[in-house]
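J.: Each chain, written out:
Number of protein chains: 4
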Amino acid sequence: MPRLKWGMIGGGEGSQIGPAHRLGSGLDGLFEFTAGALDHRPDAGREYGRRIGLPPDRAYGDWHEMLEGESKRADKVDLVTVATPNATHFEITKGFLQAGFNVLCEKPMTMTVEEGEEIVRLAQETGNICAVNYGYSGYSLVRHMRAMVARGDLGKIRLVKAEFAHGHHADAADADNPRVRWRYDPKQAGVSAQFADCGIHALHMASFVTGQEVESLSADCVSCISSRELEDDAMVNFRMSDGAVGRLWTSSIAIGRQHGLTLQVFGEKGGLRWTQEQPNQLYFMPLNERLQVIERGEANLSPEADRATRVTIGHAEGMPLAFANIYTDLAEAIRARKERRSVDPAANLYPKAEDGLRSMAAVFAVAKSGKEEGVWVDARPPMFR
Amino acid sequence: MPRLKWGMIGGGEGSQIGPAHRLGSGLDGLFEFTAGALDHRPDAGREYGRRIGLPPDRAYGDWHEMLEGESKRADKVDLVTVATPNATHFEITKGFLQAGFNVLCEKPMTMTVEEGEEIVRLAQETGNICAVNYGYSGYSLVRHMRAMVARGDLGKIRLVKAEFAHGHHADAADADNPRVRWRYDPKQAGVSAQFADCGIHALHMASFVTGQEVESLSADCVSCISSRELEDDAMVNFRMSDGAVGRLWTSSIAIGRQHGLTLQVFGEKGGLRWTQEQPNQLYFMPLNERLQVIERGEANLSPEADRATRVTIGHAEGMPLAFANIYTDLAEAIRARKERRSVDPAANLYPKAEDGLRSMAAVFAVAKSGKEEGVWVDARPPMFR
Amino acid sequence: MPRLKWGMIGGGEGSQIGPAHRLGSGLDGLFEFTAGALDHRPDAGREYGRRIGLPPDRAYGDWHEMLEGESKRADKVDLVTVATPNATHFEITKGFLQAGFNVLCEKPMTMTVEEGEEIVRLAQETGNICAVNYGYSGYSLVRHMRAMVARGDLGKIRLVKAEFAHGHHADAADADNPRVRWRYDPKQAGVSAQFADCGIHALHMASFVTGQEVESLSADCVSCISSRELEDDAMVNFRMSDGAVGRLWTSSIAIGRQHGLTLQVFGEKGGLRWTQEQPNQLYFMPLNERLQVIERGEANLSPEADRATRVTIGHAEGMPLAFANIYTDLAEAIRARKERRSVDPAANLYPKAEDGLRSMAAVFAVAKSGKEEGVWVDARPPMFR
Amino acid sequence: MPRLKWGMIGGGEGSQIGPAHRLGSGLDGLFEFTAGALDHRPDAGREYGRRIGLPPDRAYGDWHEMLEGESKRADKVDLVTVATPNATHFEITKGFLQAGFNVLCEKPMTMTVEEGEEIVRLAQETGNICAVNYGYSGYSLVRHMRAMVARGDLGKIRLVKAEFAHGHHADAADADNPRVRWRYDPKQAGVSAQFADCGIHALHMASFVTGQEVESLSADCVSCISSRELEDDAMVNFRMSDGAVGRLWTSSIAIGRQHGLTLQVFGEKGGLRWTQEQPNQLYFMPLNERLQVIERGEANLSPEADRATRVTIGHAEGMPLAFANIYTDLAEAIRARKERRSVDPAANLYPKAEDGLRSMAAVFAVAKSGKEEGVWVDARPPMFR
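Protein chains in written order, with the working numbering: chain A, 1 to 385; chain B, 1001 to 1385; chain C, 2001 to 2385; chain D, 3001 to 3385.
For the record, the hints were derived by calculation from the structure and aren't laboratory data.
C-beta: ideal position from N, C-alpha, C; glycine also.
Among the hints, a few may not be true.
[Claimed, not checked] Facing chain B, a subset of chain A residues (Cβ under 7 Å, in silico):
id, residue
1, R158
2, V222
3, N237
4, I255
5, F266
6, G270
7, M285
8, L287
9, R290
10, L291
11, I294
12, G297
13, F364
14, W376
[To be verified] Straight-line Cα separation of at most 20 Å, SDA-like style, residue types lysine to any residue; simulated pairs:
id, chain 1, residue 1, chain 2, residue 2
15, B, K1156, A, S226
16, A, K371, B, V1377
17, D, K3269, C, A2172
18, C, K2156, D, S3226
19, B, K1371, A, S226
In isolation and in its complexed conformation, chain A is listed as follows (with noise of 0.2 Å):
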């Protein structure tokens, strides 16, 4: 099978992102780099490009440029990464979908829940692929998670309990600092901060583990550090569409704590224990029974967490594999599309425009509470009302 045609907005010379990216695109050998518009200086991307390997007539000044130049090449990109800063993943969404090509958007998809409905209409009237990045779904045992919700290990599912907290952005002697700051100014982040930096990541997982959406929610917002407008931690009670209720903690100031991402699900039958850092190993106590380590790699595991997994049992497997576990599913996404044939419906879970969208509306929606003292509103997109 001959590896797909990648290609990368953004994600330049020292940023932590892009290497992510061509690591994860490339660790399976599905995807070749082909090309790249890496920097917003334009000869810094064109050079930065050819240095790491990319055809010179295909490393290119701007996204413009890249759009153009590839639309007209036999042999164009079947995917292209939006890494660049938040506020341009829009237009630059908007511009590829529209020409045809696969997506897929670093989060936030878009800045408001209008744009976010936007691209949604345009994914499903265009047909083509549309991804957000939500890499934590891409763990083995996240996906389990996922597959033992599903055929029902857990009976009804009558609790989500998701934290994303850690204590990066703790120290009030560097609140000033660029790198930090511009995180807690609405100007430059929007309504959110840590909930849609964070937050939005865990509550992404709750409905991604549940296949329940989120309906309505409250939120309680604080800026532990006062100079900061927007809130550096958030508690979210929410509900989703099947009746399962919900609590979110995210935080930047929980000192002590490195990540965070943690996951428990209780429903009827049984509950369920996950958490990033230490990612092989998935507690799962049925009812009246004991808890029990599920392993990754372990056998008879769901065929969702079997594709997911790369390094036999015992061995730690880490976020870079779940980020290539997304690009695993495009692959498999884009062949299908290619070959026209359904998708195997084990990869098809990576997390899709409407994702991206409700993503969006739960921030606005968070940020609306936490200003009203935390009243309850819908949290849904106007157009899945």
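Chains B, C and D: place on chain A using the hints.
T.: Structure of chains B, C and D alone, referenced to chain A:
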């Protein structure tokens, strides 16, 4: 030093709490079990009392008889523990306080805020000791957390994250078992179930450790098992008297958890985490340093911690010793009164009538907010506003 | 049931072991502290005994006086605990056994194998109870491990892996501190330091849990701090009476460990792991299934575990309760003798003189093998060969 | 910088190690998969090679053909990985080294000590790079342990405690499964089974981290499943070149463990503990201070650790990245040779032919000692004595 004389109401044959109090009071040899009215069936109580070592004339048939009998004696009991069904705590505590006895009352101290205020006034007027048994505050490292906060190791406290979530009432098929059902029946349990039963311990802990009182709160209460009138899961956001933000989750349907009492405290200069199930370690991260493991019994802890530890480092200490520390404090308080001296401040940590009252106000506030879509309500007892 | 009468030799003011024994014996109200010779200075011992509640005529000046005094009484003590310096254990235990008393001796029971054999014979001849305080065997889940092995849950036992490794004697600058130094001085400590002090507990545990005796062993003993004559670290391989292989590591220079008593048992059908520092969980993996967490206090454990648990599931139990379980067993054994009935088998688990003797034989075997490059030596006492 | 050219022998369709090497070599884009002889069936190997992207003329039928083909080319491969069955490692490695290629050989490098010495001499004489794949040494925090020891954070090393114990061969009913059986058959596996397969990794780690070589050892080898000729469990005591004492346990019958590679290092000034199953945390206790948690990716770690980390703190990194670090080191070594400059010392950490030789000497020493009741034997290869 002769042993103090101790009596108990309730805690009869087959109860769990009776042996726990006998163990706790007797552990250090500070109290002698001298009198009791142990059962609501007078003969059974008298017989059981004698069987477990009470002098025949001090094995009483009911609390009125005991109050009368002890009041007449020169060698009357120094402390009365009230371990009867919840609805009777108020009148018994009131009766003994009025008659000049010191009382340790099981939680909840009362069933209403008004009753709670009456007990507080009575304790203040009589000068008698009135304690409430929030026993988890007796753990050595919990006391060390309090000392660390008090001496400024964490700087100003920003956020407290408390949990008390277990799964022991998650079985819908067992929900009508009378042993479980009464807790969720407002006729027997009052206005709150899981919060009043477990959550309140976590809330007390938040105040105990930070030295701040809860001022206002917003609650999301749900009954995951639909036949229940009262909540089996609640999330409470709160604000404290010196500006700390609070988040508290309590549940009885969290399958996979056995107990789940956990406290995290985040300040400007550091973070702490402690969990009851492994109470001999305390996790401390000073800002911009590494996570450290504080061991119970290590050198150079606070006097409060040292006083509350009995076993050398590396050996497990458990709940019975925490419980006993409440009695140890009470022995010191009683002796200080007898000797007309001030109490050792490191021992003046037992929960007091004021704590019992504040808890009751919080229970009613949670119930009110829970019914009114999470509206923020004043959580202070009227007498403390 | 009236309380049994209990006396103690040693354990005077400022000792750690004295309060531990008083706590352990008093915890369940089964024993009453009635007599004692608590200090090697007669007057200090008498004074301290009275101060902590002994009747003046039973606060003795030394053990000879106590032996004489108690022997004459009709209401003599039912059990004598020997908590004096190691070198005196033999003669005191022997004296009291000969005079018809039951004895609980601190470990080591004797300083030589020959003395150990003499005690065993004396206990057999007199029929008096002679127990040795390997207190870790009192933990509820340790007893459950034993029950699981006995009923075949693990199949035939293949391997036992035991550790007792801490770092409290790792500081070379503190090695000459008399509090530490005597342990490594053969004149005071005998033929072994760390193995005799800590390793022997782990070895006892291996036998206790598997029901197999140690038959032969090979030891690698080293002094990591070179000024020490006796070992501060040892690795012992051994073979047991029903074919199990054993591996035991003990150390006092393992910086970063606080205690480290851990037992792993591997059989044909499953594996177990338990550690003293978190004694309320036991990890069990049945062959070809998943790792399970057995919780102290869960339903349907063995009678041996149930009898040794006092606190409900989810609450921490610690060392003092394990210690108390030895006394609870002894109370049952003493009563059974008085009542001329057989002992409850679930309570007949206290370590006996035979265990004390076997431990002593193992200590000498380790010392011999350690000096002779790890040669395999018979670890059984001559009388059991 | 153009990518280096990489080839592989073995690792054909369905193997585990093939994809792992392709992933590891490709992860950073430093190597391009250019040539291969992937299967012992020439046609299958050629076909598979082409299918996964090799140029048709460099998809060889066997290693002789590949050696001949590549030798003729100007653009020959820069590195050859040998991932064939163990018995063939020696001749292939020898062949390629002699012909001027750099080689990364899977472990074991050879089947005898003599062969190992021949490879070492050949690497020295030719100046070609000969690496051996002890991949666990590639973990970022393992390299940090080495750096900490080297810079004296632990003082002089007293003791190393290593383990590699799992339970995957514990099922007696599965012992005759050919997939398992060959490992315990001396005709196929040589003189040692579990030690040679797993223990040797732990022993390499002990040397890698301490910078000391193993000089002598004593082993206790047992076959817990009696039909096995070779050991499934071994305990090895050893002595190292700068005086450190070593203890190593390896097992394949330890039901309940999934992998179990763990290293503890104790020095005069501190202790370290790391375990492969949770490789992103390293536990460090400085003498007389508290246990600290060092996080992979935290600020101010050693250059060796920084160079070997790719993902930000708090995110899990796993075995594939450790593996890739061996390739990253090799890329640097190869480039340094090409550019006639010295190698970055922080990258000169890949295991070398000398390590492969020392391992083989240790395997034979363990086998000899295991047969002779644990006699101490010299564990050094003759050429290093």
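J.: Next step is simple, just say for each hint if it's right about the structure.
T.: Do the hints match the structure? See the list:
| no. | hint | verdict |
| --- | --- | --- |
| 1 | R158 | holds (4 Å) |
| 2 | V222 | holds (5 Å) |
| 3 | N237 | holds (4 Å) |
| 4 | I255 | holds (3 Å) |
| 5 | F266 | holds (5 Å) |
| 6 | G270 | holds (6 Å) |
| 7 | M285 | holds (4 Å) |
| 8 | L287 | holds (6 Å) |
| 9 | R290 | violated (10 Å) |
| 10 | L291 | holds (6 Å) |
| 11 | I294 | violated (12 Å) |
| 12 | G297 | violated (22 Å) |
| 13 | F364 | violated (19 Å) |
| 14 | W376 | holds (6 Å) |
| 15 | B/K1156 / A/S226 | holds (13 Å) |
| 16 | A/K371 / B/V1377 | holds (17 Å) |
| 17 | D/K3269 / C/A2172 | holds (9 Å) |
| 18 | C/K2156 / D/S3226 | holds (13 Å) |
| 19 | B/K1371 / A/S226 | violated (32 Å) |
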